[in-house]
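Q: Build the full structure now, drawing on both the sequences and the hints.
In the order they appear, the protein sequences are chains R and A. If you count the first sequence from 1, you need to add 73 to reach the numbering used here. If you count the second sequence from 1, you need to add 73 to reach the numbering used here.
Derived from the structure by calculation, the hints contain no laboratory data. It is possible that some hints are incorrect.
Stated by the list, open to error - Okay, the calculated bits of chain A under chain R, using three or more residues with CB under 8 Å as the criterion:
# : segment
1 : 130-141
2 : 155-166
To be verified - Listed next, with one range per pair, are the computed distances between beta-carbon atoms:
# : chain 1 : residue 1 : chain 2 : residue 2 : range
3 : A       : Leu256    : R       : Arg152    : 39 to 45 Å
4 : A       : Asp127    : R       : Tyr295    : 42 to 48 Å
5 : A       : Ala298    : R       : Ile189    : 34 to 40 Å
6 : A       : Ala267    : R       : Thr147    : 38 to 44 Å
Every residue, glycine too, gets a C-beta built ideally from N, C-alpha and C.
There are 2 protein chains.
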Amino acid sequence: MTEPLTIIGTPVSPYVRKVLAVLELKGLDWRIDPLVPFLGNDAFTRLPVLIDGDLVLSDSSVICEYLDELHPGTALMPRGAANRARVRWLEEFADTRLADVLIWGIFGPAITRPGIFKSARDEAALARVIAEDLPPVMDLVETMAPEAGFYAGDLTTADLAVAVHFANLRWSGVAVDLGRWPLAAAWIARIEAAEPLLRLNALGERALTVRYPDRAALFAEYGIALVDAGVSGREARRGPMTTL
Amino acid sequence: MTEPLTIIGTPVSPYVRKVLAVLELKGLDWRIDPLVPFLGNDAFTRLPVLIDGDLVLSDSSVICEYLDELHPGTALMPRGAANRARVRWLEEFADTRLADVLIWGIFGPAITRPGIFKSARDEAALARVIAEDLPPVMDLVETMAPEAGFYAGDLTTADLAVAVHFANLRWSGVAVDLGRWPLAAAWIARIEAAEPLLRLNALGERALTVRYPDRAALFAEYGIALVDAGVSGREARRGPMTTL
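A: Following this line, the structure appears as structure tokens:
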């Protein structure tokens, strides 16, 4: 009997939800240690961690391509070197330039930091990011958005990588009208409307506010097994480990 | 007759040399527009750009994997999903966390900024990066360094991605004793000692100080064809273009 895969990371993180969506699309057996990372850009991007037997991997893009290579059914990468390169580029763009604005520029200051430091959020700083940093990156997304379907035909990890950030944007409770970028908004809506992201976004939203004693019940409601991976977040993120 | 591939970017950039090394290892016909990027982290990392007919790609990792998929002779990725994941992780680590220290923390402040602004370099700031930021990242490299050969057996893009930064470190003219990390130093030396990186590092060092009127002669000496890609750096880095 194969040991289930273990993911370390909370589904509040867009990178974690991207990996969970890939696990679900591949029909794999997985369980989760929903560790909340230390505050900060650096820590957050190094979760999730995937444990597959002796192999321990970090970096959501590396994990997703590993899963796609190992389980080629329901391929999440298109055929052809040029198409694959475009998809890899889009995923990298989503993980970095798009996340810089939506996650580090908006969600972090709007939700994560005030939640941890119990401080009032800086509405003026948020308004500046929304007015100045968001439009150029959304203009780029608009040029990439397909008029129908997904970026490279069938759904890819890159479509998921783009869409996951927009749930965190909604949870940020800031006024952003995506109607200015109609092709982008429609593309994101198509990705979000399909399972498994629909369900994972709902879980992520509830995980954002769940109290620790109620956490197990929340995950059970979604049919997800919890596990204590027996490793601190700091250890899990340390590097390219081969064994824990 | 196939049109040669075009690279936009100067071989002073470690990311450009990584791509040029892959082109050479694959035995491909290429030419270069050695555009010097605007100053700054953002611009520098989006060069090189590869032009292959109608396809225009940025991001050195995306370009290298594209070339590896399209020209599978002299494979630069190992077999097996787990090994490939480890190699992708290492390349990402080299491009980001290692580069954060060696390129943005040392080479930029030591060479690029003083060169452009004609200002004295801040030796105290450099000494602080070398004392505080360099050791933890080199400690990690030391744990990853193989005792012989390369990271995954045969040479991969990830070995190149690590090694290219250390030429820029030498060009920075700062006192760093890599002897503190003997496995790492020996691994990097092995990668640098082999062609094509030996020759590309020599070209990069000379390109660092070549005057514009002498540039064509320098590249001709290395048998490399220059081309004006007819695109500004700003345009070349704009996004996931399919045609220029």
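Q: Each hint should be assessed against the structure and marked as holding or not.
A: Now for the hints, and whether the structure bears them out:
1. 130-141: This one holds; 8 residues, not fewer than the three required, reach chain R with a Cβ under 8 Å.
2. 155-166: holds (count 9)
3. A/Leu256 - R/Arg152: 39 to 45 Å: Given range 39 to 45 Å: holds, Cβ gap about 40 Å.
4. A/Asp127 - R/Tyr295: 42 to 48 Å: Roughly 45 Å apart at Cβ, these two residues keep to the hinted range, so it holds.
5. A/Ala298 - R/Ile189: 34 to 40 Å: violated (55 Å)
6. A/Ala267 - R/Thr147: 38 to 44 Å: holds (40 Å)
Of the numbered hints listed earlier, the single one contradicted by the structure is hint 5.
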